[in-house]
Amino acid sequence: MGRLFEGSRPGVCYLLLDDQGLLEHQEHSPISLPKGVYEVIRQREYEPRQDRYVVD
Amino acid sequence: MRRIVPALYSALGFQPPDSVITFDSPREGALAADSTAAGLTSKLHAIREKIKRHVRRRVCSSVRAKVRDEARDCVHQELRQQVRHQLRDQIQAHLLSELPHLFFNLGDAAFGLHDAPWLASCDFFSRIGIEGLSPALPWMELARAGAGWWWPFGSVAIVTSAPSVLERDPENRLHCERGPALAYPDGWAIWAIHGVRVPKRLVTNPRSLSVEEIVHEPDLAIRRAMLERLGYERFVRKAGLKPVHADRFGRLYRLDPHWTEPIALVEVLNGTPEPNGSRRRYFLCVPPTVRTAHEAVAWTFHLGPKEYQPDVES
Numbered sequence: 010m011g012r013l014f015e016g017s018r019p020g021v022c023y024l025l026l027d028d029q030g031l032l033e034h035q036e037h038s039p040i041s042l043p044k045g046v047y048e049v050i051r052q053r054e055y056e057p058r059q060d061r062y063v064v065d
Numbered sequence: 029m030r031r032i033v034p035a036l037y038s039a040l041g042f043q044p045p046d047s048v049i050t051f052d053s054p055r056e057g058a059l060a061a062d063s064t065a066a067g068l069t070s071k072l073h074a075i076r077e078k079i080k081r082h083v084r085r086r087v088c089s090s091v092r093a094k095v096r097d098e099a100r101d102c103v104h105q106e107l108r109q110q111v112r113h114q115l116r117d118q119i120q121a122h123l124l125s126e127l128p129h130l131f132f133n134l135g136d137a138a139f140g141l142h143d144a145p146w147l148a149s150c151d152f153f154s155r156i157g158i159e160g161l162s163p164a165l166p167w168m169e170l171a172r173a174g175a176g177w178w179w180p181f182g183s184v185a186i187v188t189s190a191p192s193v194l195e196r197d198p199e200n201r202l203h204c205e206r207g208p209a210l211a212y213p214d215g216w217a218i219w220a221i222h223g224v225r226v227p228k229r230l231v232t233n234p235r236s237l238s239v240e241e242i243v244h245e246p247d248l249a250i251r252r253a254m255l256e257r258l259g260y261e262r263f264v265r266k267a268g269l270k271p272v273h274a275d276r277f278g279r280l281y282r283l284d285p286h287w288t289e290p291i292a293l294v295e296v297l298n299g300t301p302e303p304n305g306s307r308r309r310y311f312l313c314v315p316p317t318v319r320t321a322h323e324a325v326a327w328t329f330h331l332g333p334k335e336y337q338p339d340v341e342s
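Here the protein sequences come in this chain order: A and B.
So for the first sequence, the working numbering puts the first residue at 10; every next one is plus one.
So for the second sequence, the working numbering puts the first residue at 29; every next one is plus one.
Any given hint might turn out to be false.
Which chain B residues stay away from chain A? Per the calculated CB distances, all over 10 Å, these [said to hold, decoys possible]:
#1 38
#2 42
#3 59
#4 151
#5 243
#6 268
#7 312
#8 332
Label-pair distances were calculated between CB atoms; the ranges are [what the hints assert, rightly or not]:
#9 309/B with 49/A: 21 to 27 Å
#10 156/B with 29/A: 43 to 49 Å
#11 51/A with 214/B: 37 to 43 Å
#12 49/A with 233/B: 36 to 42 Å
#13 155/B with 52/A: 37 to 43 Å
#14 317/B with 49/A: 21 to 27 Å
#15 206/B with 25/A: 34 to 40 Å
#16 214/B with 57/A: 42 to 48 Å
#17 200/B with 28/A: 33 to 39 Å
#18 262/B with 41/A: 31 to 37 Å
#19 51/A with 289/B: 20 to 26 Å
#20 41/A with 286/B: 46 to 52 Å
#21 52/A with 272/B: 18 to 24 Å
#22 57/A with 193/B: 22 to 28 Å
It should be emphasised that the hints constitute simulated quantities derived from the structure, not laboratory data.
Note that the coordinates shown come from a computational prediction; the quantities given were computed from them, not determined experimentally.
Ideal placement from N, C-alpha and C gives every residue a C-beta, glycine not left out.
Same shape as in the complex, but just chain A:
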């Protein structure tokens, strides 16, 4: 089981995996992740007014 926590920095959250997990996405092959804590950073793009997060 995995739990996602919001971080204090913008665009950053933390994934806690109690056991091995599988990250699935329609745009690439599944990624196997071992048990552990992961820092998940949302990729951003530059905008003249404000940065925008990449929709993935």
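For chain A, the structure is supplied; the task is to place chain B on it using the hints.
Coordinates of chain B only, in the frame set by chain A:
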């Protein structure tokens, strides 16, 4: 509307209007209000400001005593950001671009649905027991009935409809890549990409955009939307750009028009292969201050190049 508007006038101590006239869009309403103002001796009632002053006094004094300023401000701020900044301000800006002579007229409008932020906060505070907010109740009913912008004159009230189309991105900004982001029953519409009002052609025919048009666009936010709609890869190819820097993280492209902010794009390979084994190439728009592909990619992850040293990418 024809029942609610007179009740609102009465609740505030005004004589109800002789007639309530409805229009399909803020544009039609603004034009009608302008004509009406020119032909009437009675002024627009400052209904909106009167009710807001009364309610604000009640809410501020009562809520401060019970809930504290932080909770009240938090409610206002959240609702204001969601509704006012994206809807009311965008509609106002679009109207002014089409009808600049109505500048003063627009300032007198009551906003109906777009007063939803503070109306919703009144409703919330009323439900938790704050008393004395009854003047706002008919207004809430008007907003619930779907009234858009409206102009309360002495003898006539001009009321417009709520939008028939409203599309937003995940960050709640006006956005639609298939049609107008905001549209009214009479066809008046706003085209927008991620909160930026854009010409209709950007949405309906982006491939017709030329490199010259994009580079010469003075509004950087619209230029950014043009780049995205045309496609970064197509733009790089059309402009004949060559990488200014390349490393294991990607390739950095740059176009420097001199008269305005440069355009910088970084081309990267997706860290994870596709199911067929190939790796997807994609571009990201980055600040024009970056000098290397490594620095550009690091920036997209909120990091500097020294911090961005991945062992494995996926």
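Against the structure, the hints come out as follows:
no. : hint                        : result
1   : 38                          : holds (44 Å)
2   : 42                          : holds (41 Å)
3   : 59                          : holds (31 Å)
4   : 151                         : holds (29 Å)
5   : 243                         : holds (14 Å)
6   : 268                         : holds (22 Å)
7   : 312                         : violated (5 Å)
8   : 332                         : holds (13 Å)
9   : 309/B with 49/A: 21 to 27 Å : holds (23 Å)
10  : 156/B with 29/A: 43 to 49 Å : holds (47 Å)
11  : 51/A with 214/B: 37 to 43 Å : holds (40 Å)
12  : 49/A with 233/B: 36 to 42 Å : holds (37 Å)
13  : 155/B with 52/A: 37 to 43 Å : holds (41 Å)
14  : 317/B with 49/A: 21 to 27 Å : holds (26 Å)
15  : 206/B with 25/A: 34 to 40 Å : holds (38 Å)
16  : 214/B with 57/A: 42 to 48 Å : violated (33 Å)
17  : 200/B with 28/A: 33 to 39 Å : holds (35 Å)
18  : 262/B with 41/A: 31 to 37 Å : holds (35 Å)
19  : 51/A with 289/B: 20 to 26 Å : holds (24 Å)
20  : 41/A with 286/B: 46 to 52 Å : holds (49 Å)
21  : 52/A with 272/B: 18 to 24 Å : holds (21 Å)
22  : 57/A with 193/B: 22 to 28 Å : holds (27 Å)
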